[in-house]
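In order, the protein sequences belong to chains A and B.
Residue numbering for the first sequence is 3 to 506, as defined by my numbering.
Residue numbering for the second sequence is 606 to 1058, as defined by my numbering.
By construction, these hints were calculated from the structure, which means they are not laboratory data.
This structure is a prediction, so every number in the text was calculated from the model and none was measured.
No residue lacks a Cβ here, since even glycine has one placed at the ideal position from N, Cα and C.
Among the clues, some could well be false.
Restraint ranges, calculated between C-beta atoms of paired labels, are given here [stated by the list, open to error]:
no., chain 1, residue 1, chain 2, residue 2, range
1, A, Q431, B, R817, 32 to 38 angstroms
2, B, R840, A, P417, 35 to 41 angstroms
3, B, G991, A, S80, 51 to 57 angstroms
4, B, T1034, A, A468, 29 to 35 angstroms
5, B, P864, A, P417, 35 to 41 angstroms
6, A, A255, B, T1034, 22 to 28 angstroms
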Amino acid sequence: MNLLAFLSDFHPVAVHFPIALLPTVALLALYQRLRPEAQLGSAIRSLLWLALLACVCAMLLGLGNRAFNGHGGEEVNSHAILGIATTVSVMLAAFLYQFPHWALLLTRGLVRVSGLALRIGWGVFRALWIIVRALLRFVLIPVRLLLWCSARLLPKVHAGLEVRRQAFALRAKQAAARIRYRLHTVIFEYLRPDGSLWWQNGALATSVVLVLATGLYGANLSHGEDHLTRNMPQALRTLLLEDQLSGSQLDQAYFEKEVQPVLRRSCVKCHGDQKQKKNLRLDSYAAVVGSGVVKYQNPEGSELLRRLLLPRDHTAAMPPLHKGRPLQADDITVVVHWLQGHSLESLVSQTGGLAPELKALARQLPAIDEKRLSELNTLEGLRVRRLVNNYDLLTVNLSHVAPIHIEAALNRLAPYAVNVLYLDASNLQLTATQWQRLSGFGNLQRLNLKSSNIGTAEIQYFKPLAQLQWLNLFSTGVALSVAEIRAMMPGLNNIYLSAAESES
Amino acid sequence: MKRRQLLQHLALYSGGAALGLNLLGQRVLASAGADAQYPIFSGHHFLPRAKRVLFIWQQGGMSPYESFENKSILYRLNDTSPAKYKGQCSVACLKPIYPFAPQGQSGIEMSDRFPHLAGVIDEMTVIKTLQNFAPAHPQASNFLFTGERLNDKPSLGAWVNYALGSDNPHLPGFVSLGGADNISNGFLPSDLHGVYFETEGNALDFLERPERISAAQQRSAVEQVAQLDRLYAGRSGDTKGLAHGNVFELAHKMQSSIPAVLNLDDEPDYLREDYGLNDDATKTMGTNLLSARRLLESGIRFVRVTDPGWDHHSGLDTQFPVKARGIDRPLSALIRDLKQRGMLDDTLVVVAGEFGRTPFNEGKIIGGFGRGHNPDAGIVLLAGAGIRKGSVYGETDEFGFDTVKDPVNVNDLNATILYALGIDHMRLTYELGGRTFKPTGVGECRVVRELFA
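Next up, chain B with everything else stripped away, as it sits in the complex (with noise of 0.2 angstroms):
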């Protein structure tokens, strides 16, 4: 009987295919020295588009009403409550303030407060459908970098170089701008926390060596640093402590290197005119705009940009074309940069805020003009990377309350961010207290490969 035969054959098979996927999720030690746990990884699990990312966070939450969203029962409706939501909503519809427009060849409709983005859009994917699991800007913060709801987890940022390291050994894997926010290496090794330069003024404080320090003092600490680490972590077998020893060493480096990076006085001027460092209005955003290609240039793995004050209760009307303007020609400068120079083919960009803006005018209750948090449907700019050019994704209903099509929640979105990089998120795990942590947090979530082109 042949029966015995193909169950072996069957047994060889499906064990054969279990096994493969359980030696591609194998950590792969040290690859890059006796002493380091990571990368954790030595190759890819998919083909990596990607071998950076720019996260630019509006923090806040980006109005979709007053940039992708134009919803035409709001003109119709507005200032009225609409029996839809009644007993939900005390507030009244608020028609989407600014003028809208198709642009580019792919025709998006975007609000005219983006004159220089309209430029680049068909460059660009935008996800009208971004959800969050919380409502509020701490804890969607939170679910937007670590997949979780408390904020003791590790930021994606350290996790993408705990997974692959970085690539410049004169410079952190993980750099943020603007922001000192959401960039914890929660339980992951202590140097893979991101590292926070300032781009007006000095980078880092205390980035300079003291005079009364000699420069072979200084080598030789950060050495005698390290030799004690190494010392415990042979003794007790823990190398958790090695971190300690390699934060000291970077620190030691980012001396000579942070400088050469960040000094923008190298770049031409028609760039510098480009990324509006010329104008108050664009300064801020294009200095770490381009800080952030010279750092992705130099080798830097992961660079977060935050924008803060997109929180638009009110003032959209008055403070919103301000944030608007801030980040418009910048953007588009960055993406032009990048596309110029190559690095958009192996560059993921990310533009996005925590969470969405309700179709309703908040400022009927504070005054002026604003909208409310609204965690079911929000904006994400993402280009580079292979990612589809001049695309929509996502569908929302008629008033862009909630999203009726193709979601992304945050973890989707991080999960697809790790994919570009040729992460598979479920087999970028680590143990801690009995649980197996990953970067996109519990329950289920997916790549969203249709992003992809």
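Chain A with its partners taken away, still in its complex shape (with noise of 0.2 angstroms):
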């Protein structure tokens, strides 16, 4: 098992041989096609039987290669069933070109077949007339009666139809015959039943064929698939690769921002600068593009996202099992985006510009529907929106609200003290309780209590908030200095106090 195994691994070697020698082939057949003095025959017909030693041999290490060596796979299938089909080629190119008279029974009984086939065909075609014209005797018997007291009443007229039937009737059967003229003419002038070049070159072409397109399979699956355009000057690119090139209009900004941090966690470790598996580098805009691996406004024809979607274990997907970072239905979505063609605008429009840590938070918070939220906002005064649509994140003003309504709006904002991250109490004036209840908006980042009543006892009980970044106390009474406030809560990033002792 081990020495197949060993052997097998020769395949990539092996295959050169049938790649080198069936073009040889075909140009000394194409060269005593030419020049039918020069009597090659003999040097044809040994490298052809070359050749199909050479193919066998390929074929055999190929299919030993993906028996013992584990290879698999879509693509490989493609190419094993390739390789099968050179092989059969070959052979019957092989002995096409040793026994020539093979080929000329060949032709012969073809067209014994062929000419057979037409004259079954033409008879129930004759049958199926017959048939049908009963039928539509059947059906015509009214018309036919018309005729008929139309011959007798307008004798003129009905003469001029008959007329005209009779001259369409002609052409009818003149142009049955005529096709049946070229059928024969297709079966017994080109396929020239005293010939058999036409066999023995159609099999090599064939044979050439295939073994070229199996090899740029195995080239694809061995080298990287753009392993022969991957240096092709640009302008020639544009002219033959429009479709493969046109990666390059997908947005850089895009990419750069959304679709690199997802190709860094999950690919890069084989597709970047340490590894290039498959030749594939993943770790720039330039080089994802220029891989092909990608098409503009194409998710479906693009390779990249193929991999990325087929299931987690099949041989293709990507990254491989126990390998890489799976993605993630976001990171999906934000591929799936980038390809369609969307920009970094519309993307971010999508998410609102919202930074990854306020995503996870609001994730966790309690939901609130469109039908709440507008609820929330039936109490006159009371501003509640969402900080960006479909998240549940709150932007809340209460400064609009009258003294007599505080109580039942912070009551109404009790379930949701949470979700509020930006609060707006500017020129209220609360009890003490009340700015205790404030302080329990736990997840405040932006607290606005310019002109309240808030002063330095009721200060205190906002201590606990640790996402605080941004505090206006301007004109409150607040006795405190900038420094203590900083100390208290260390995480501000803007403290707003009386004129003097402002500072962001």
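Hints are included, so try docking the two chains, each in its own frame, into the full complex.
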């Protein structure tokens, strides 16, 4: 078994023999065709047998590779099928070149068979036509009756119609004859029952095409899909590979901001500067776009996405099972959105430019549906809005709520206190208890207490607010310095106090 | 074969993405009560940087060359016609009239007509490449505020309030000081029309209740109007008329709210001095800007202050210094005041004319020194709401006549203002007559994200 596996590894070496031999034979055959006096028959024959031997060897080694060395997958299967087809085709070509009279027999047989088929077909058609005609006659009785009457009543018109009918029937008969003649011509002229060259050359041409296709597939497997085009001059590339290249229209800013982190997490370990498996690098915009694995506005045609979406246990799935970190649904959405040709702007607008921490936070908070949200807003002066659509983070303005409604507003907000990130409580005159309730808004980031009645004692309630970054105490009774407030709440970036002491 | 599965995945994901976008774009009904159709958004498309906008309109179009655009070639070619523009212009170049010097830590070049503004220039971004689609004032103003050429479309302030609503139930969401041009609600509900306040004398005419009508009578009249509107809306299904009742209701509330908000006597003396209320040259702008700050502070979302008279076809040597002095001190005081109150973090201040002016001397024809309209390169000052501090955006050519890099057209500007407020201008739309209207007109425009730090 080990020996077989060892031998099978030589498949990539062995394949070069048929790849070299078959085009050579084809060239010789072409020369022979142009210069019939060249007498290359024996050379062609012997080279063909050699090619067949090489084909069989390469095929067996390839199949061994597949069986013993664990290569598999859709691409490998296609490559194997093409390889077998090549061998069969070469076998046929060699046989026909060696025994040309077989080719002749083959042609004659085909002509016989097709001639017979033509006759049978014609017979069936006739039979069907007779039935249809009988049916038509039956159906057309009223018409004939009408015609019979018209012949009596309007003999001149009837005569004219009859002439036209006859002319039409004649034309139809001629057309049918022409078609039959054409079919005969195709079979007896083009297939040339007396020639064997057609078969020989046909088999040889098929072999060459097949061996090249197999080789290309195999090279794609071992060198990467772009191994022929990666150094192609730009002008030629644009001319030939418009579709392949269209990846360059994809948004670069989007890639760098959103897609690159995803690839860095899951792909770059094997497709980056350390390793370049399959000669593929995914660590920069130029590399990804240049590799041809992405296509603009064509996620379905993008190899990158195909690999990402394959079931995890599929051999072609990326990242391979147990190797890279699999992609999350969010990551896939980001990639799909990019491949669809969207700009960063549109993605930002989808997520509202929220930082990842806030997105994560929003997922843990109590959900608020639109109905609840609009109910909160029915209290006069209370304004509650989502900070960003689709996320349960709120910005609340309490500053225009009338004093008699404050308690009600706080009660309404109580279930969603942790959802509030921005709170405007400026101008409010609250009791100490109410200030304490406000400090229960545990995730506050911005708090505006400008011109409110908060004092040094009440501001202590807000000490545990770890997320607070922005605090406005302008024109309040808080008798603390900026340094003291900062010591109390070290997370603050901006503090606004009285005229002399504001700092940001 | 796994292809089918792949396609299903793709359909799911791409469909999901599309669905997500659609859902985001969906209009969410009535958060403010059963009868209100707006704000149409219950949230924001983007994380909002600004809560409110102050748009100071330098009506007429300030000359860049006497403010921020110092082009050396103009000194060399002063009073001559440059070969580059032969055949286009029959007038000669005019060098900047006032001396320039770099100001602040950012070293932005400014003319000496804005000494106070120089002190806060490190808070601002100067756009040098404002482009408009029309070279004449009426159309250019329409483009600036509505994104459309004709004057029947909603102004930006109306759009903003349509989307986000007013925070203060006792005040309108869109107020204009200093001028009443381009504040229409257009086809949007009529209570979104900008309200024009006078800052001298009575803020609004007929604000006080006539003596012969009691408070109870007035209240009942307002309620009956609203009731009739609701009755009609209920029967016809057409809710547009509800705006009519809202206008009455708001007017009624403003009787008590407005005098308090616009009472500048509450402000400390040092601020009044700082805004220039004690100086006749700066009193008008000072009053407008201090009032604007009070209005913004009281929950008004969009305040437009008009500063008319920047259309210097002549008089750059005589009238321009007067205009510059009029705005210089109040504007710098406003920026400092907002900053001190913590309001500059969530207030976007925009100072813009409808276009720039040419490097050529039109005064040659009509006397004195003056410049014509140039819709290809104008000045915008931006401050607050996370706008870059002390930076210049956009490049003009050697004459300052055309934009060579980073153009910002008026629609880009408005899209950017909306972006600061958390609104995607492409998804703030209104269907009318078979067309989907958006605040930024038709054609290409973009949010200038680079303006934000």
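Hints, verified against the model:
1. A/Q431 - B/R817: 32 to 38 angstroms: holds, 36 angstroms
2. B/R840 - A/P417: 35 to 41 angstroms: The hinted range 35 to 41 angstroms holds for B/R840 and A/P417, with Cβ atoms some 38 angstroms apart.
3. B/G991 - A/S80: 51 to 57 angstroms: holds, 55 angstroms
4. B/T1034 - A/A468: 29 to 35 angstroms: At 40 angstroms between Cβs, range violated.
5. B/P864 - A/P417: 35 to 41 angstroms: For A/P417 against B/P864, whose Cβ atoms are near 39 angstroms apart, the range 35 to 41 angstroms holds.
6. A/A255 - B/T1034: 22 to 28 angstroms: holds, 26 angstroms
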